[in-house]
Structures are given as C-alpha cells and as structure tokens.
Amino acid sequence: MNASLTLAKRGHVFWQRLKQQKILILMSVPFLIHIVIFKYIPIWGWLMAFQNYWPGKPILQQTWVGLENFRLLFDDVVFYEVLRNTLAMSVIKLVMGTVSSIALALMLNEVRKIRFKKAAQTISYLPHFISWVVAANLVRDALSTDGGVVNRALMSLRIIKEPIMFLGIPTLFWWVIGFSHVWKEVGWGAIIYLAAIAGIDPALYEAAKIDGAGRLKQIWYITIPSIRPTISILLIMNMGYLMSSGFEQQYLLQNGRVIDYARVFTIYELDYGIKMMRYSFATAVGIFRSVVSLILVFSTNQLAKRWGQERLV
Amino acid sequence: MNRFRDKRWEDIFLDTFIYLSLIFLIIVTLYPFLNTLAVSFNDAVDSSRGGIHLWPRKFTLYNYETLLTRTQIYRASMVSVARTVLSTALCTFSTAMVAYTISRREFVLRRIISFIYVLTMYIDGGLVPTYFLIRALGLTNNFWVYVLPGLVSAFNLIVIRTYISGLPDSFIESARIDGAGEFTIFLRIILPLCKPVLATIALFVAVDNWNAWFDTFLYNSANPALSTLQYELMKVLQSANTMSGSLLQALSRAAAGTSNTVTPRAIRATMTVIVSVPIIIVYPFLQKYFVHGLTLGGIKE
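Taken in sequence, the protein lines are chains A and B. Note that the numbering used here gives residue 32 to position 32 of the first sequence, counting from 1, and the numbers run on in steps of one. Whatever position you read off the second sequence (first residue = 1), add 313 for the numbering used here.
Just so you know, these hints were derived from the structure itself, not from any lab. Heads up, a few of these hints could be off.
Covered stretches of chain B, as calculated for chain A (at least 3 residues, CB under 8 Å) [what the hints assert, rightly or not]: (1) 377 to 389; (2) 479 to 486; (3) 500 to 506; (4) 520 to 529; (5) 588 to 602.
Result set (SDA-like, lysine to any residue): computed pairs, CA atoms no more than 20 Å apart in a straight line [claimed, not checked]: (6) A/22 x B/490; (7) A/275 x A/79; (8) A/118 x B/331; (9) A/118 x B/403; (10) A/118 x B/338; (11) A/113 x B/534; (12) A/217 x B/321; (13) A/9 x B/338; (14) A/57 x A/47; (15) A/117 x B/477; (16) A/209 x B/500; (17) B/601 x B/477; (18) A/275 x B/477; (19) A/113 x B/326; (20) B/508 x B/478; (21) A/118 x B/330; (22) A/117 x A/219; (23) A/209 x B/601; (24) A/118 x A/106; (25) A/118 x B/332; (26) B/601 x A/116; (27) A/275 x A/9.
With beta-carbon atoms standing in for the labels, derived distance ranges [stated by the list, open to error]: (28) A/305 x B/387: 51 to 59 Å; (29) B/383 x A/301: 43 to 51 Å; (30) B/324 x A/226: 43 to 51 Å; (31) B/597 x A/84: 48 to 56 Å; (32) A/15 x B/436: 52 to 60 Å; (33) A/228 x B/500: 40 to 48 Å; (34) B/500 x A/64: 47 to 55 Å; (35) A/169 x B/368: 29 to 37 Å.
Where is the CB? At the ideal position from N, CA and C, for every residue including glycine.
Required output: the full structure, derived from the provided sequences and hints.
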C-alpha cells in the first residue's frame with residue numbers, strides 16, 4: 001500500500017513536472033513527431049519485402065510471398081558481385097584514407113612556417129566541400145586518354161608508353177575509387193589526427209631531445225604511439241560502415257564497361273529493383289544491407305568500448 | 314660533433330621531403346580546379362585542340378553567356394540558392410532548439426527524445442519505403458522535399474547538445490531568477506553563446522544542401538522547374554560524351570547560327586565553375602569554426 005502510494009505520488013509529480021515544462025515540450029515534441037514520420041514510418045514499409053508489392057493497393061492488401069524475395073536475392077549471382085564490390089571498395093577506401101590522412105597530419109605537424117602550414121591545410125580541405133558531381137567531372141578530365149593530366153604526367157615520366165583508359169578497365173575501377181577518395185578527403189581526415197597530435201604532452205619531446213633523439217625518432221617513438229588510440233578507435237568505428245562504401249562516387253564514375261566492378265548496393269537497388277519495378281525485391285536488398293550494417297555497427301562499438309576501457313585500466 | 318652533423322642532415326632531409334610532398338599535394342589538389350577554370354574561359358573550339366593548362370589561350374566569356382542566359386540554368390540556380398538558404402536557417406534553428414531542451418537535466422522527456430534521435434543514426438528504412446512515404450505525403454514534385462525530411466539530424470543534434478552542456482549553468486540560472494521563460498532563455502542567452510557551433514552546423518547543412526542532387530533525381534526529376542544546379546551538372550556529366558543530353562543539344566543548336574560555338578567539354582567546365590564558386594568563396598572563412606566543431610563532435614561522440 002505504501003508502495004502504491006509513492007507510485008501514485010511519483011505519477012502525480014511526473015504530471016506536475018510535465019505541466020511545468022510545457023514550453024520545453026512545445027519546443028521539442030513537434031520535431032519528435034517529425035522524426036518519427038520521416039525515419040520510423042519507412043520501417044513499416046519493410047513489410048513490402050515479404051510481399052509481391054504492386055503499386056495501387058494498400059500495403060496490407062498485397063499478396064504475401066514469405067521469404068521468396070530473399071531467396072531470389074541469395075540466388076542472384078549479381079548480389080555476390082555487389083557484396084564483393086562494396087566490401088572491397090570500403091576496405092580500400094578505409095585503408096588508403098586512414099594512412100594518407102595520418103601521413104598528412106604528421107607532415108603538417110613538422111612544418112614550422114605557420115603561413116605555409118595554414119595555406120596547405122586550407123587548400124587540402126577544398127575538395128571535401130565540393131560535391132561528388134563536380135569531383136567526378138574533375139576526375140574524368142584528369143584521367144581522360146585525350147590529354148588528361150594523369151596520362152600526360154605518366155607518359156612524360158616514361159612510366160607508360162601510351163595513355164591508359166583508367167575508367168574503362170574493370171580491374172582498375174576500385175583503385176580509381178580509392179585514389180579519388182584520397183584526393184577528396186585526405187585533408188579533412190587529417191583534422192582529427194592533428195587534434196590528437198596537438199594533445200600530446202610536450203614534455204615527452206623534451207625528454208626525447210635530451211636523450212638525443214632526432215625528429216624522425218621523435219615521430220616514430222612519440223607521435224605515432226601517442227595517437228595510436230585515436231587511430232584504433234576511428235578504424236574500429238569505421239568498420240561499422242563497411243556495408244556502405246558510398247554511392248554517389250561509384251554512380252557518377254561508373255560506365256557500362258566497368259559496371260560489374262562498380263555496382264554497389266544502392267546502384268543494385270536502383271537498377272535491379274526500382275527501374276524494373278521490383279519494389280519488393282529492392283526493399284529486401286535494403287533490409288539485408290540495414291540489418292548487416294546494424295550488426296556491424298553495434299559489434300564494432302562494443303569492441304571500441306571494451307578496447308577503450310582496457311586502455312583506461 | 315659527428316652526432317650534431319648527423320642531426321642537421323636529418324633535419325634537411327626531413328624538411329625537404331615534407332615541403333616537396335606538401336607542394337605536390339597542393340598542386341594535385343588545385344590543378345584540376347585551375348585547369349577547369351581556364352577551359353571555362355577559353356574558346357570552346359580552341360580548347361578541343363588540347364593544350365590548355367592553367368591559363369586560357371583564346372579568352373572568351375561566351376561559355377558563361379551561353380549558359381547563364383539559359384532559363385533552365387537560371388531557374389536551377391534560384392532553386393539551389395532557395396533550398397540552401399531555407400534549409401540552413403530552419404535546420405540550424407530547429408536543431409539548436411531541440412538540443413537546448415535535451416540539454417536541460419530536469420526535462421522529463423530528455424532521455425526518450427535523445428534515444429529516438431540516436432537510434433536513427435543506425436537504422437534506415439531504405440530507398441523504396443522512403444520513396445513511397447515521400448510520395449504518400451505529397452512531397453514528390455514539391456520544393457519542400459528539399460527542406461523538410463532532413464530538418465533535425467541526430468549527428469548535428471548531438472554536437473550542439475554537447476556544446477550547450479559545456480556552457481556554465483549560471484547564465485541560465487540568473488536569467489531564470491529574472492523571470493525569463495524557457496523560450497526566452499533559449500533565444501536570448503543560449504543562441505548567442507552557441508555561435509561557434511552553430512556556424513559549424515550551418516556550414517555543414519549549407520554544403521550538404523548545395524551539393525545534393527540525388528533527392529532531385531529521385532523525387533523532382535519530372536518537374537524541370539524544381540531542378541537544382543547539381544542535378545543539371547550531373548545530367549551534363551552523364552550525357553557529355555554522347556552529346557545526347559537535351560541541354561547540350563539545345564546549346565549546340567543555339568550556337569549553330571553564330572560564329573561562336575560550345576562543346577561538351579566547355580559546358581562541363583563552365584557548369585563546374587558556376588557550381589563550385591559559392592562554396593570555394595565561403596569555406597575558408599569558416600575554417601576556425603569547423604575545425605573546432607569537428608573535433609568536438611568526433612571526440613565527445
């Protein structure tokens with residue numbers, strides 16, 4: 001009886017506080033409704049994956065087909081190509097992006113001329129802010145066989161004899177994606193490592209100098225070990241996004257010749273789902289991707305947390 | 314003595330390597346932009362002979378005249394500007410407002426609101442269900458599809474909330490003693506104090522909106538009046554090699570009667586410059602804000 005009384009009292013207090021906070025509620029609840037509409041209602045649409053959806057009828061009156069769409073998906077040879085491409089390009093982008101950003105941060109940190117450092121940094125951010133539409137234009141021009149700067153440079157250095165059609169060779173496509181990713185994001189990615197380097201205790205460097213360590217040794221024995229936790233955490237967290245290797249970049253740089261190596265999940269959903277009006281199939285692809293991503297994100301987050309705690313101990 | 318000399322050699326070697334690498338990076342980053350700029354100011358037929366690097370050979374404004382007098386491009390620019398301005402203002406204000414409510418420790422709905430937003434970072438309805446929702450809401454072939462769906466995003470919300478939580482409570486307490494209501498506190502005290510983080514978020518939202526083309530492609534491609542600059546450039550890019558795009562055809566027809574002419578390459582270059590210039594002008598001024606904002610979001614998240 002005592003318990004129910006306190007419970008009732010607590011309920012009363014809750015309502016009273018709710019009333020007191022009506023301005024805060026007015027300021028937030030409309031947006032809560034907004035996010036539920038735009039982010040949670042589409043999940044209701046996942047039902048389509050278990051139907052043979054045909055536009056025009058309400059979703060609950062469609063023909064149910066069970067797991068048929070998933071069977072189709074796992075029987076599709078293209079699906080395995082898509083999975084391979086997505087994972088391969090994700091890994092290439094993650095490794096090349098991380099290594100190049102760390103290298104840039106280490107180099108910028110060694111520059112003593114502040115003006116030059118600032119200028120280099122500002123310029124290195126530039127490609128991050130332009131759209132992939134613009135970047136894809138620039139990449140196509142740079143790689144063109146008809147006077148593209150990359151082919152010209154390689155030819156004048158006598159590395160190749162005649163122009164290479166970089167965007168026409170399927171096996172090169174992943175590397176085009178990797179290098180264009182580095183070109184666009186290296187400066188942006190370096191920001192976080194520069195912040196980590198700025199947080200290193202200067203006393204460590206003083207001690208190393210007294211011990212006679214040169215700058216290379218200081219980088220190797222102090223700077224890199226000090227930012228290792230940042231590197232690991234970022235790597236682990238980014239592994240959660242292995243299933244989303246980007247879409248715009250591949251979509252805008254691909255063409256018929258290389259499509260078998262360029263097709264990632266969203267392109268697959270567009271070309272084999274929506275354009276063929278196989279809405280249920282496209283939804284099944286989306287569910288597969290979401291569920292695997294979710295598992296990846298949570299397991300890598302757990303890993304990062306456990307790892308972080310171990311570091312603290 | 315010997316050791317001293319070794320160190321000097323190491324310094325010289327390291328500095329040379331670093332400066333050369335950074336200069337290489339600067340050239341590789343800037344060359345494509347400068348080359349495109351030169352091509353856009355060069356006579357189109359002359360450009361197709363090749364050999365344009367950093368400076369136009371036969372200077373002309375004809376490429377810009379041809380493009381900027383097209384109603385299609387003019388309209389698309391207006392739509393791009395409108396969506397960017399509206400989204401930036403509405404997103405930044407709304408996100409800050411929600412962030413303020415969930416930063417108040419006494420707010421009863423604080424946990425549930427945070428949870429609902431954070432969960433959206435991990436789940437995604439997917440292309441088809443989202444498309445059907447947008448259509449059911451009547452947002453296809455509608456300008457508001459550019460602004461409404463992304464009004465408050467979880468990532469921006471967390472960044473602003475983290476910033477507000479770091480502000481001293483005494484400001485809010487003293488305002489409350491003076492009898493200010495929650496909305497007044499938010500508007501008069503929190504917003505001005507949040508200027509650095511709001512500048513960062515505004516830049517992110519503005520860049521995202523200016524650069525977006527996929528929403529136009531999915532939802533508004535049936536209505537040319539709602540096209541955006543990025544989408545127009547995307548269409549030119551997709552059709553440039555074949556000259557099949559309607560814009561390219563129209564442009565080469567328009568040029569047929571005159572001595573001047575345009576080529577796909579010149580159109581692409583000119584469009585690229587028009588689309589990139591606003592961003593290139595704005596971002597260096599916001600640098601100190603976004604560098605700080607990014608490290609804030611990255612570390613505290």
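- Non-conforming hints, listed in increasing numerical order: 1, 2, 3, 9, 11, 13, 15, 16, 18, 23, 27, 30, 31 and 32
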